[in-house]
Structures are given as structure tokens and as C-alpha cells.
Amino acid sequence: MTTQLHADGRLRHFLTTEGLPRQLLLQILDTAESFAGVIDKSVKKVPLLRGRTVINLFFEASTRTRITFELAAKRLSADVLNVNVATTSVKGESLLDMLRNLEAMQADMFVVRHAESGAADYVARHVGPGVSVLNAGDGRHAHPTQAMLDAFTIRRHKGDFEPLIIAIVGDVMHSRVARSQIHALSALGTGEIRVIAPRTLLPRDIESLGVRVFHDMRLGLQEADVVMMLRLQRERMQGALLPSEPEYFRIYGLTEDKLAAAKPDAIVMHPGPINRGVEIDSRVAEGPRSVILEQVTNGIAVRMAVMSMTLGVYQEMPREPA
Amino acid sequence: MTTQLHADGRLRHFLTTEGLPRQLLLQILDTAESFAGVIDKSVKKVPLLRGRTVINLFFEASTRTRITFELAAKRLSADVLNVNVATTSVKGESLLDMLRNLEAMQADMFVVRHAESGAADYVARHVGPGVSVLNAGDGRHAHPTQAMLDAFTIRRHKGDFEPLIIAIVGDVMHSRVARSQIHALSALGTGEIRVIAPRTLLPRDIESLGVRVFHDMRLGLQEADVVMMLRLQRERMQGALLPSEPEYFRIYGLTEDKLAAAKPDAIVMHPGPINRGVEIDSRVAEGPRSVILEQVTNGIAVRMAVMSMTLGVYQEMPREPA
Amino acid sequence: MTTQLHADGRLRHFLTTEGLPRQLLLQILDTAESFAGVIDKSVKKVPLLRGRTVINLFFEASTRTRITFELAAKRLSADVLNVNVATTSVKGESLLDMLRNLEAMQADMFVVRHAESGAADYVARHVGPGVSVLNAGDGRHAHPTQAMLDAFTIRRHKGDFEPLIIAIVGDVMHSRVARSQIHALSALGTGEIRVIAPRTLLPRDIESLGVRVFHDMRLGLQEADVVMMLRLQRERMQGALLPSEPEYFRIYGLTEDKLAAAKPDAIVMHPGPINRGVEIDSRVAEGPRSVILEQVTNGIAVRMAVMSMTLGVYQEMPREPA
Numbered sequence: 001m002t003t004q005l006h007a008d009g010r011l012r013h014f015l016t017t018e019g020l021p022r023q024l025l026l027q028i029l030d031t032a033e034s035f036a037g038v039i040d041k042s043v044k045k046v047p048l049l050r051g052r053t054v055i056n057l058f059f060e061a062s063t064r065t066r067i068t069f070e071l072a073a074k075r076l077s078a079d080v081l082n083v084n085v086a087t088t089s090v091k092g093e094s095l096l097d098m099l100r101n102l103e104a105m106q107a108d109m110f111v112v113r114h115a116e117s118g119a120a121d122y123v124a125r126h127v128g129p130g131v132s133v134l135n136a137g138d139g140r141h142a143h144p145t146q147a148m149l150d151a152f153t154i155r156r157h158k159g160d161f162e163p164l165i166i167a168i169v170g171d172v173m174h175s176r177v178a179r180s181q182i183h184a185l186s187a188l189g190t191g192e193i194r195v196i197a198p199r200t201l202l203p204r205d206i207e208s209l210g211v212r213v214f215h216d217m218r219l220g221l222q223e224a225d226v227v228m229m230l231r232l233q234r235e236r237m238q239g240a241l242l243p244s245e246p247e248y249f250r251i252y253g254l255t256e257d258k259l260a261a262a263k264p265d266a267i268v269m270h271p272g273p274i275n276r277g278v279e280i281d282s283r284v285a286e287g288p289r290s291v292i293l294e295q296v297t298n299g300i301a302v303r304m305a306v307m308s309m310t311l312g313v314y315q316e317m318p319r320e321p322a
Numbered sequence: 001m002t003t004q005l006h007a008d009g010r011l012r013h014f015l016t017t018e019g020l021p022r023q024l025l026l027q028i029l030d031t032a033e034s035f036a037g038v039i040d041k042s043v044k045k046v047p048l049l050r051g052r053t054v055i056n057l058f059f060e061a062s063t064r065t066r067i068t069f070e071l072a073a074k075r076l077s078a079d080v081l082n083v084n085v086a087t088t089s090v091k092g093e094s095l096l097d098m099l100r101n102l103e104a105m106q107a108d109m110f111v112v113r114h115a116e117s118g119a120a121d122y123v124a125r126h127v128g129p130g131v132s133v134l135n136a137g138d139g140r141h142a143h144p145t146q147a148m149l150d151a152f153t154i155r156r157h158k159g160d161f162e163p164l165i166i167a168i169v170g171d172v173m174h175s176r177v178a179r180s181q182i183h184a185l186s187a188l189g190t191g192e193i194r195v196i197a198p199r200t201l202l203p204r205d206i207e208s209l210g211v212r213v214f215h216d217m218r219l220g221l222q223e224a225d226v227v228m229m230l231r232l233q234r235e236r237m238q239g240a241l242l243p244s245e246p247e248y249f250r251i252y253g254l255t256e257d258k259l260a261a262a263k264p265d266a267i268v269m270h271p272g273p274i275n276r277g278v279e280i281d282s283r284v285a286e287g288p289r290s291v292i293l294e295q296v297t298n299g300i301a302v303r304m305a306v307m308s309m310t311l312g313v314y315q316e317m318p319r320e321p322a
Numbered sequence: 001m002t003t004q005l006h007a008d009g010r011l012r013h014f015l016t017t018e019g020l021p022r023q024l025l026l027q028i029l030d031t032a033e034s035f036a037g038v039i040d041k042s043v044k045k046v047p048l049l050r051g052r053t054v055i056n057l058f059f060e061a062s063t064r065t066r067i068t069f070e071l072a073a074k075r076l077s078a079d080v081l082n083v084n085v086a087t088t089s090v091k092g093e094s095l096l097d098m099l100r101n102l103e104a105m106q107a108d109m110f111v112v113r114h115a116e117s118g119a120a121d122y123v124a125r126h127v128g129p130g131v132s133v134l135n136a137g138d139g140r141h142a143h144p145t146q147a148m149l150d151a152f153t154i155r156r157h158k159g160d161f162e163p164l165i166i167a168i169v170g171d172v173m174h175s176r177v178a179r180s181q182i183h184a185l186s187a188l189g190t191g192e193i194r195v196i197a198p199r200t201l202l203p204r205d206i207e208s209l210g211v212r213v214f215h216d217m218r219l220g221l222q223e224a225d226v227v228m229m230l231r232l233q234r235e236r237m238q239g240a241l242l243p244s245e246p247e248y249f250r251i252y253g254l255t256e257d258k259l260a261a262a263k264p265d266a267i268v269m270h271p272g273p274i275n276r277g278v279e280i281d282s283r284v285a286e287g288p289r290s291v292i293l294e295q296v297t298n299g300i301a302v303r304m305a306v307m308s309m310t311l312g313v314y315q316e317m318p319r320e321p322a
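Chains as they are written, first to last, in UniProt numbering: chain A, 1 to 322; chain B, 1 to 322; chain C, 1 to 322.
If you are wondering where the hints come from, they were derived from the structure by calculation, not from laboratory data. Hints should not be assumed to be uniformly reliable.
Same chains, same names: a pair is fine if it fits in one copy or spans any two.
Here are the simulated lysine to aspartate or glutamate pairs, DMTMM-like style, with alpha carbons at most 25 Å apart [claimed, not checked]:
| no. | residue 1 | residue 2 |
| --- | --- | --- |
| 1 | 158 | 205 |
| 2 | 41 | 192 |
| 3 | 263 | 18 |
| 4 | 158 | 223 |
| 5 | 41 | 256 |
| 6 | 158 | 33 |
| 7 | 263 | 223 |
| 8 | 158 | 60 |
| 9 | 263 | 60 |
| 10 | 158 | 116 |
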């Protein structure tokens, strides 16, 4: 594993939430809080990354994720280049050669999305001292900005993490989001983290992460403060891992009925895009306890925070937008 | 139909020219006039939309149209994101969910292009109070910025609309451009609007729009001040609607010869891209009466006008570019 | 051939290095030198092209080349639009019509990449007086910014061109890079330019360009100060022009062993992307004499120079970044 930190403990890359000290996670949340105000204004721009070059290096298409990073970078006044490697003419160039070339063009940051676990880490190991790497999702490994925007959303609604019961529901096995959430929420001192899933969608060693395992929704949601649904990749259905969609929804789909087991003020989260009627009922997704769209909004602030922290430009928000 | 106006009569969205009061159309033309000066300069930029986010949401590929809106937004200093939904990884996300997500990222404006009539209207009905929607062409329904750039071009050449005879020639039936032109030119008080087309390319109720119908070019162009050609979609030829291209050109193609029926100072317009030798002869398209390229130039100013009016930032042009 | 110069000798387009006076080539190198400082800073931006519109008009996909021009334009604060004509919906529009349209939108510069020789020249012949055209590679004809970044890199390492022996190695026949290099290096007064290649990869009239021809690497590299490797298009292997890749590498691939014939302080160059084990050994590409990544860095400065010179905005670097 590449270290994500400078010698003095400041964030250099942002590859995973695993192993990051609580203090640093709180600093990300606090920094994001200061940006949340900016993006509510009509002039949603600060000049912190003016003249810096951010390259979105996407080896796996994800318009949605690309847009959130592109917007975050533009609101920091960076120059953004989108490089979609899947569709690009690479002339058989190796990843490493491509990377060295982009770096030689004086890129300051790579935002890396890749279908293989460890890809962002690999990129981070090979960039020079002045360059930061953000992981925008690598295989089943990690999706740390998603985890931090989730933590940010939870803190805005619930304040302190210590008294909270947080339930993560669904395909934990294949989810980089779940893995990053568990690491972040643990480090932030969450009282109890639960995972609720069929045995076939749970990694064997899941309990070693300090979570309680449930296979029954009503039991697992009992007294929960936060319900975090995972997206069910439909392609899992083809294999032997799962029954039919209706059958899955009957047992693990979040409905008003099942949600009644949670605390009355529990919030419902989902990383999106949602599969209505597969892992979540439309009424819940759009109901009063859903904070799904707030997560999206908060995602921009969190990405601005991580970008400005890794590039070392964040000190204090300027009073006036540039 | 979504209302395009705020309660106080100001423009909120720009979805169609149908039903817009003359005063508002004139305000668009006047505002565009003030921007026309900006884009002639070497520094073609004003800071009116600084820090605003414009999303080009294209469900139908049209590089040409996308570029005009992207340029207009950039010249207003907005941040622009291009989202090509046709080629995008949407993971089965519904249009509405995608929209809510983009809106949650604090987009200020959606420029919508869609193959289905009513799509921009649908988007406008579902966005929140602070967001504006521009229709960049929806099915056969409307293409209002095209109609306004046409009106702008006509006014620059001819001044007042009242004494004018304007002839619209070609595939009126399938043309969103024609529909938007007729509504705009009517509201602007055009003396006489004519359509010239074979019966198979005219909607049945066309006369209810207050136009005079001609099936013969020489009769229809008689004494015309403005000749507006429509683009002929070549795929129409496959069906039974039309004879061969040469046959169509012989009867309805604009040649110097047919144009002789119009006033000596008549101008020739076309929304582009032109099909040389199908609906228009090259000599006419490039001749002294053609204002086709002026239309393109004016299109930027008109789109800047509509963007700044809907976002409520337009009051008075700053003396100095930013 | 379109003239690239204004009547007073200033650069208007940049289409080829052929026929350009030495003084102008030196001016490009000197201007690039002033930009090289800018892109080393954290705020890598100057406001020279603020409010100007640069359109990357790519008829042949090349993400790598597109990025270098996009970055150069953004670092000059221009608005950049990418138009990928290969994948674009052009509705059967002719190149000329498309060009006139983009020009009517008040584009200031076209950066043209095309698979056919002469394409950039064709574009330059058809644009209006205020518009500049840069050739980003046209067929086998020219790639002048690549040649100038090579010359820039050589001057930084070796100073004056007159005492130098420069060897160009590989597929000269199909290389627009080689052609542009030879013209530039000749005009800059290089002492001796050599080409080293099998007969099948050399144009018949190559000696008329004033180069010395070698078919043997050790003889050709003797006492060379600079070794410029060309990329070997793998598709050449399919034809009868070449033996197998290992066989080609054995004879013409640059290894430490063959490089020993050159001067001890010789530098090794390659336009990228490199084919390891085909035209160059990895150890050489990454060895202490390789300046391949410096070439990439210098490419941005050289493109900034050519952009600002052709648009006539370059006089003196501002003291402060904007």
C-alpha cells in the first residue's frame, strides 16, 4: 500500500479510507463544511486551484462520477481535462508510459477510475513528488470520496458518530463503497456498524472489520439511526448468487414497512443511481427520511475538500469568491 | 405546457416561441444586440454567468448545436459540462433520477436536446425553482433559439417585421425549426408568412397558424423579402413522402432562377447544415443574398441573451469585459 | 502551399517547418523559453489568450496530441472546444461548410489533425483574415510543433546547432515527424543531419533534403550528439516493408550497446508513444541520456509560443500571472 500521507501527516493522495487517522477524516469533513457554503451561492467558485491542472483519468466509463469531480475542480477554478482511456486511441501505450507523459505535461492531480482493485494505488506509486492522486473507484477495493460524503451527510443530520447505530444493507461483497464506508465510520468512532445481507453477498472475513452481521432486515434495522443501502449490480442476478429481483426485493428491499424497525428519525442513504423496486422502494427513496439527493450535493463539497487538501492550498476560505 | 415565465412576466425557461408575448421576443432581440458587439471583439467574454454551471444535456448527438451553446455559455464565463446521454453509462438510471442528481450538484441551467417532442418541457416541469431549462431542439416540436436567431438576422437586415413577406420553404411537416419560426414571426407582427411545400410535407392544420400555403415556388416567392429554406432530412426520401432528390430539387430547390421571383433585395436563410443540390443550389447558398453564415454568428449572441435573461443576471452590459 | 506568414513576416499559421526562415524558428524557441518558466509554477496560467476561442478540430483521434494543445490553450486562458469529427454527427456536412460555420462562431484558431497530407493547409487556405491554423499532424506531411519541441529540447541541452551531428532513426518514409524535423534542423543550421533506416523505409529523394543516409546503426550513430528515434507504426509490419519485430529490433532498435557509438553525452529522443522492444530498448528509454519526458514538457511551452505568436498577442511576458 502506498502511503497517502506526507511525512508531517498531511494528506497527499486520497486512495482509501482504510488506515486514515480519525483526526484527518474530521479535517476533511470540516473543510467540506466550509465549501458547502460556497456551492450554495450563485457564484459557486473560489480561486484555490487557479492555474492547477486536474486530469480525470477514467479507465471505466462513469459519467456521473466524472461530472462530480469535474464540477468540484471547476468550482476550485482548476483547469480540468477529461481523458477517457477506454475510448481513447492509446496506440498500445502502457498505462505507465501514459501516466509519465501526462505528468510531464505538469498535471497536478489525477482522478483515477478503474475496474481493477489497486489501480489508483498503482498510479499513486508512480507519480512524482508534486502530484496527487484521488481514487474515484477502483474495482471492489475502495471509493473513498463516496464514503466521506456519506460521513459528511450523517454528521450534518446526526452530529456525533459515537451514539449511532448505522446499518449497511445489500451487496457488501462486491461493493467498494461498503468497504470504504466501514473503514471511515469505524475510524470516526461510530457506536455500532451493522451489515445486512444474504450470506452469498458477504465476504467471509467481514466480521474482522468490527461489524455485526445480520441476514434479516427487521432484526438488522432495529433501532438504527442511519440506513445505508448499497446498489445491487444487476449482473449479479445472472449468476447463482441471488434469487430473482422480486425475491431479492421481498427479503432485502427497503420498504416503508421494513424501515419501521429503525428509529423514527432514521435517515435513508444510497450512493446512487438507485434501482427502484430492486434494493429500494420508490416511496422510501423519495420519502421524508431519504437524504439521497443531499448526498449528491455534499459530494461536490467533499471532493473540493479533498482536492484542496491534497494539493496543499487549503488554509482558510477566502472571504470573497474570486 | 410548462409556463416559461415567472409570475412577473420575466423569462424563466426558454422552451418554445409559442405563446410568448411580443414584448418579450423584442427584449430577447435587444439583449442579443448588446451581446453581438461583445463577440466581435478579440476578448469575447463578459463575466455575467461567472460561477454558474450550465449542463448541456444531449440525448441526441448534435455537435454543431452543442458547440453554439457551449460557446455562448463560455463567453458569459459560465462553467460548462457536456453530458452526452446517448453514449453515457447511465446504468439504467431513469431520466428523472439523472436530472435530480445533476440538479443536486447545483446546476443552474440545463440545455436539453432530445429526439422526442416535449422532452425539454418535461425537464422544465421537474426542475427546482432556481434552475432554468433551454430547449435546444425536441423532436418535431420546437427549436426556439434557432427561430430567434432567424428573427434577429431578419431584423438586422430589414428592420420592422410589419411590412415583410417571409416565405418558409421545404419540409414544414417534420421541422421543429419551421414551427418555432412561424410562432415567433407571427408574434413579432410579420406582415405575411408563407409556407411553400409539397402537400406530403405540410401538416394538415398548417393554415390555422395564420400562414398562406403555396405548392409552387415561383408563386410563393413572389415579392418575398425573406426566403427561409428548411433542411430536408434525407431519410424522408426513403419513404413514400417524396420523389427522388433531383426531382425534389427541380421543383423546390432554391436556385437563382426561382429566387428571381422574390424582391431584388430579398435575403436567403437556412438553419444549416445545408444539403447542396437538394434544397438549395450552391450558388444561392454562397451568393450575395445569402445570410446563412450571419445566422450562425448571430446564434451565439441570441443564446447568450436567452441564457442571461433566464438566469436573471442581465441588466445592463458592463462597460468593460471581465 | 499556403503562405504561413503575414506580409510583414510575422507568423500567421503554423503548418510546416518547411521554408520558414531561421530567424522565425529562433523566435519560436525564444518565446517558448519564456513560457517554460510559467508552466513550472503552481499557477501555470497567463492571460494572453483570454476571451479567444481555440477549436481542436480532430479528424483523426489522438488523445495525446489533443491534450497537449488543450493544455497549452488553457494555460494561455483561452476557451477551448474539442470537436472530434470522426465521431461527430456531421449530417453529411462538407468539411468546408463545417469550417465556415465554426468560423462564423468567431473561432480565433483551429488546431487541425487529419490523416491526409495537406489537410491543415487546406483549412488555412479557407479561413478568413483573423483566424489562425495550427497543424497538429497531417498524414505523412508534417507535424511542425513536434519538430519545434524537439529543436527546443536539443537547444536546451546542446546550445548552438552548428557543431551538432543529429541522427534520425527509423521509419522516415511514413513519418511526418521526420520530415518536419529535417526542415527545422536544417534551417537552424545543424552541422550534420543523418537518417538511419532500411532502404524500404526511406523515401527515394531523401538525400535531396541535405541529409546523409546510413543503413547501419553503428556507422550512423558514430559521434552523434543527438539520437532521434521515430515511432514504428506496427501496421507497417503486416506489409512486405519489414521483417519481424524482433528482427527489426535486432538491426535498428536502439540499445545501450548500439548507443555506445554515439558521443558519451549524446541525448536520446522519441516523439512518443514508444514501442518498447521494437524501436527502442526500455533501458535506453528510461536511461540517463533519455530526454523523452522533457520533450513532452517542452511541447506545452512550444505550443503556447506558436499559439500566442500566430494570434499576435505575444509581446513580452507579463510580470505577474493573471
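Checked hints:
no.	hint	result
1	158 - 205	neither (29 Å within a copy, 60 Å between copies)
2	41 - 192	neither (36 Å within a copy, 47 Å between copies)
3	263 - 18	neither (29 Å within a copy, 51 Å between copies)
4	158 - 223	within (14 Å within a copy, 73 Å between copies)
5	41 - 256	neither (35 Å within a copy, 56 Å between copies)
6	158 - 33	within (15 Å within a copy, 53 Å between copies)
7	263 - 223	within (5 Å within a copy, 77 Å between copies)
8	158 - 60	neither (34 Å within a copy, 43 Å between copies)
9	263 - 60	neither (38 Å within a copy, 45 Å between copies)
10	158 - 116	neither (34 Å within a copy, 44 Å between copies)
The structure shown violates the earlier hints numbered 1, 2, 3, 5, 8, 9 and 10.
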